[in-house]
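A.B. asks: Residue-level listing of the chains:
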Amino acid sequence: MNRVKVLQAWLCCLSLWPCWLSHGVPLDCKDEVGSLSHCASISQEKLLDRVIQHAELIYRVSEESCTLFEEMFVPYPLHALRNQGGNMCHTKPFPIPGSKSEIQQISDKWLLHSVLMLVQSWMEPLIYLQTTLNRYDDAPDALLNKTKWVSDKLLSLEQGVVVLIRKMLDEGILTSPSIFEHTLNPYNEQSPEVLESVLRDYNLLICFKKDAHKMETFLKLLKCRQSNKLSCLSY
Amino acid sequence: PQIMIFLFPPLRETAEAMAYSLSLSLLYLGLLCGNGPVYARGSELFTPDPSRGPHFTGCRSREQETFRCWWSTGTFQNLTEPGALRVFYQTKNANEWQECPDYTRTVKNECYFNKTFTHIWTSYCIHLRSVPQNITYDEACFTVENIVHPDPPIGLNWTLLNVSRSGLHFDALLRWAPPPSADVQMGWMSLVYQVQYRIRNASHWEMLDLESGTQQSIYGLHTDKEYEVRVRCKMSAFDNFGEFSDSIIVHVAQIPSKDSTFPTTLVLIFGVIGVAILLVLLIFSQQQRLMVIFLPPIPAPKIKGIDPELLKNGKLDQLNSLLSSQDMYKPDFYHEDPWVEFIQLDLDDPAEKNESSDTQHLLGLSRSGSSHILNFKSDDDSGRASCYDPELPNPEDLASLLPGHSGRGENHPLVSRSSSSIPDLGVQQTSEVEETPIQTQPAVPSWVNMDFYAQVSDFTPAGGVVLSPGQLNSSPEKKKEEENEKKIQFQLLSDGAYTSENTARQLDVPPSPGPEQGYQAFPTQAVEGNLWNGEYLVSASDSQTPYLLPEAPPAPILPPVSDYTVVQEVDAQHSLLLNPPSSQAAISPHTPNKHLPAMPTMPMGYLTPDLLGNLNP
Numbered sequence: 001m002n003r004v005k006v007l008q009a010w011l012c013c014l015s016l017w018p019c020w021l022s023h024g025v026p027l028d029c030k031d032e033v034g035s036l037s038h039c040a041s042i043s044q045e046k047l048l049d050r051v052i053q054h055a056e057l058i059y060r061v062s063e064e065s066c067t068l069f070e071e072m073f074v075p076y077p078l079h080a081l082r083n084q085g086g087n088m089c090h091t092k093p094f095p096i097p098g099s100k101s102e103i104q105q106i107s108d109k110w111l112l113h114s115v116l117m118l119v120q121s122w123m124e125p126l127i128y129l130q131t132t133l134n135r136y137d138d139a140p141d142a143l144l145n146k147t148k149w150v151s152d153k154l155l156s157l158e159q160g161v162v163v164l165i166r167k168m169l170d171e172g173i174l175t176s177p178s179i180f181e182h183t184l185n186p187y188n189e190q191s192p193e194v195l196e197s198v199l200r201d202y203n204l205l206i207c208f209k210k211d212a213h214k215m216e217t218f219l220k221l222l223k224c225r226q227s228n229k230l231s232c233l234s235y
Numbered sequence: 001p002q003i004m005i006f007l008f009p010p011l012r013e014t015a016e017a018m019a020y021s022l023s024l025s026l027l028y029l030g031l032l033c034g035n036g037p038v039y040a041r042g043s044e045l046f047t048p049d050p051s052r053g054p055h056f057t058g059c060r061s062r063e064q065e066t067f068r069c070w071w072s073t074g075t076f077q078n079l080t081e082p083g084a085l086r087v088f089y090q091t092k093n094a095n096e097w098q099e100c101p102d103y104t105r106t107v108k109n110e111c112y113f114n115k116t117f118t119h120i121w122t123s124y125c126i127h128l129r130s131v132p133q134n135i136t137y138d139e140a141c142f143t144v145e146n147i148v149h150p151d152p153p154i155g156l157n158w159t160l161l162n163v164s165r166s167g168l169h170f171d172a173l174l175r176w177a178p179p180p181s182a183d184v185q186m187g188w189m190s191l192v193y194q195v196q197y198r199i200r201n202a203s204h205w206e207m208l209d210l211e212s213g214t215q216q217s218i219y220g221l222h223t224d225k226e227y228e229v230r231v232r233c234k235m236s237a238f239d240n241f242g243e244f245s246d247s248i249i250v251h252v253a254q255i256p257s258k259d260s261t262f263p264t265t266l267v268l269i270f271g272v273i274g275v276a277i278l279l280v281l282l283i284f285s286q287q288q289r290l291m292v293i294f295l296p297p298i299p300a301p302k303i304k305g306i307d308p309e310l311l312k313n314g315k316l317d318q319l320n321s322l323l324s325s326q327d328m329y330k331p332d333f334y335h336e337d338p339w340v341e342f343i344q345l346d347l348d349d350p351a352e353k354n355e356s357s358d359t360q361h362l363l364g365l366s367r368s369g370s371s372h373i374l375n376f377k378s379d380d381d382s383g384r385a386s387c388y389d390p391e392l393p394n395p396e397d398l399a400s401l402l403p404g405h406s407g408r409g410e411n412h413p414l415v416s417r418s419s420s421s422i423p424d425l426g427v428q429q430t431s432e433v434e435e436t437p438i439q440t441q442p443a444v445p446s447w448v449n450m451d452f453y454a455q456v457s458d459f460t461p462a463g464g465v466v467l468s469p470g471q472l473n474s475s476p477e478k479k480k481e482e483e484n485e486k487k488i489q490f491q492l493l494s495d496g497a498y499t500s501e502n503t504a505r506q507l508d509v510p511p512s513p514g515p516e517q518g519y520q521a522f523p524t525q526a527v528e529g530n531l532w533n534g535e536y537l538v539s540a541s542d543s544q545t546p547y548l549l550p551e552a553p554p555a556p557i558l559p560p561v562s563d564y565t566v567v568q569e570v571d572a573q574h575s576l577l578l579n580p581p582s583s584q585a586a587i588s589p590h591t592p593n594k595h596l597p598a599m600p601t602m603p604m605g606y607l608t609p610d611l612l613g614n615l616n617p
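Just so you know, the sequences run in chain order A and C. UniProt numbering numbers the first residue of the first sequence as 1 and each following residue consecutively. UniProt numbering numbers the first residue of the second sequence as 1 and each following residue consecutively.
Source of the hints: derived by calculation from the structure; they are not laboratory data. If you're wondering where the values come from, they're calculated on a predicted model, not measured in any experiment. It is possible that part of the hints are untrue.
Said to hold, decoys possible - One side only, chain A facing chain C, incomplete, derived with CB under 7 Å: (1) 84; (2) 98; (3) 99.
Note that the Cβ used here is the ideal one computed from N, Cα and C, for glycine as well.
Extracted from the complex, chain A is given alone in its bound form (with noise of 0.2 Å):
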């Protein structure tokens, strides 16, 4: 009998061998309350250029959604809406600074929240935003497949920049999943081909796409400071 019993242990460990090793994924590793010894096998540099990549293929995936979209539904005229960089972009709870030099100004540790903070805030408004583009009739299945990737990508990307801060700044944060209050109702009645949807959806993606230049202008010059301080520093 206890011979059975130790085989069925081994058996049961055996099986959940595979678990573990995924528990084990560095950069992929799940935030628990209390574990800090996840993920310590990845250095922080590493960490931070792989955080970077992901912040950078967001953002020119972003840029190529819009150009697909503005081509399929947007009126001519219309396009140089886009220069304008979005107009009805949703409020952030603290202002982010737009100038160089005040960039520059910024400390770390804000840099990193503010990167997280822009993470958290596109989560829901990329799920919106799929569920309308699929209520589209020709909606281009690049169209479809980018902005799902990227909202899967979005959710890597917040998991890196918490395990950053939790190394860098030394503190645990809970991820919370929607704090801000967002101003698109997702259950909209309108059909999706009226101008004023469109245009809607449009501006949705401008301002996602200047939000993903922020996350890696912000991630970058984070990783100029760790690399070569006096460089990188306002002057």
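Following the hints, position chain C against chain A.
C.D. replies: Chain C alone, transformed into the frame defined by chain A:
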């Protein structure tokens, strides 16, 4: 500037002149540079339109930290003085209009926003206003990152990567540095670069893919050609390219290399040699077969039994001896003679045949002559092809042949001479007789008693043929004895008609009753009983007349010669019965040959192979 030069020529002092010239040149340059953006670089956002009123012509940022905007007065000339038109801007964050922070002094109609006034990720709106009239002539809204046109990269240079084996192509590695104004290190601007190259003075530029690094390789360039290379950059995720950098020349001199040609020729030579060796081996291994295929053997003329060497040597005597012994003179060849087969057999009246068979005639066993003669006449063409005239035998003619009978009018070829020769049995007839090749028949009864075939015994020098006397005796016993003899003799001969000279000489000439008796027929047993009139050969000596004397030699005088026998029957043992006794002939068809078909007594003609087949059950 040229006017100013004219205005100040009289200044003589060098220092002052130099200062003035410097300031003038600076002004000149400033004007050129200032005018540049307005006229040379049109912003992609705004298209300048001189037909309009005052309007913005463009806004540009070089490094995403500052930007400038230009405007034009257009057709309104009364607003050219500075200060008439003013620029107000408003950012999204602040809802108040502010005037342009810096109107560039050196450049006309330019508004410059420095670092403190440049905010990215915010949209700007600018207005071109005339304050006294409070008219807004133009407005534009944008974000700064959308108007960024980076400066061109610097430090473009190239290195040779490799040269192809043939020496015709090479690869080059290009390197450059990002523009110093762009803060790439901080990540403020992430740039992508585009390299373009062309053959010098060509019209079309080759474009390579966007490169995010600061180096790129170009593959497949031709040696001995000069290439012009340049590079430009833009912000990633944006569309505005900056200016091109200065072009550099890439050139590699061609080195004629013998090494490249050497291996190929060597390979060719070796290949050819290898193929040749293979072919030779193939030929040698398959020599026999190839010989047969390409040079089929010519069939040499060959005669059986004759050595070709003998023919070559050309000795006539030997050749003659050889030819004489050839197969074609053998009896079996004779059997394949075609004319043999065309001989018709009279098989329709066996009873009559029985009565009037050749043998009977020859033997003289029965009947009177006339009826036989008539039967003779009724006998159609069987075998009397060329040599026999069917009008023979005219009974009257034949009657005329009888001794004593003379002077028949008919000049039958067969009997004509004989008539003349009848009275003379001597040698005197030779002259007359010679003219006629055909032998005459002796007296009818003797004729009917005669055989149809005669053995050639000798040749006369005149060309006639001497027949040996045949047996006309009807006694079967005698015949049989003689038959055996003659059979042997007969076999010596080769089928009667074709008797060579030699064999003719070798013939055993049986004693003849006399020269008068020229004609000998081999009576009794004609093997293939047929009235063969081919040639009636005269036997005996040369002195004998070639013609047959009409007088029938008495049968017992003549030695029995029977070389030909009519096949009467085939008995049970498949043996040919030659001339069985008449009594037997009556019985034999019935008793022993039960299995055999009732065979008609043949032989008016040959035993054809068909009939032989019939004989065999």
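A.B. asks: Can you name, in rising order, the numbers of the hints this structure does not satisfy?
C.D. replies: Going through the list in order, the structure violates no hint and respects every one.
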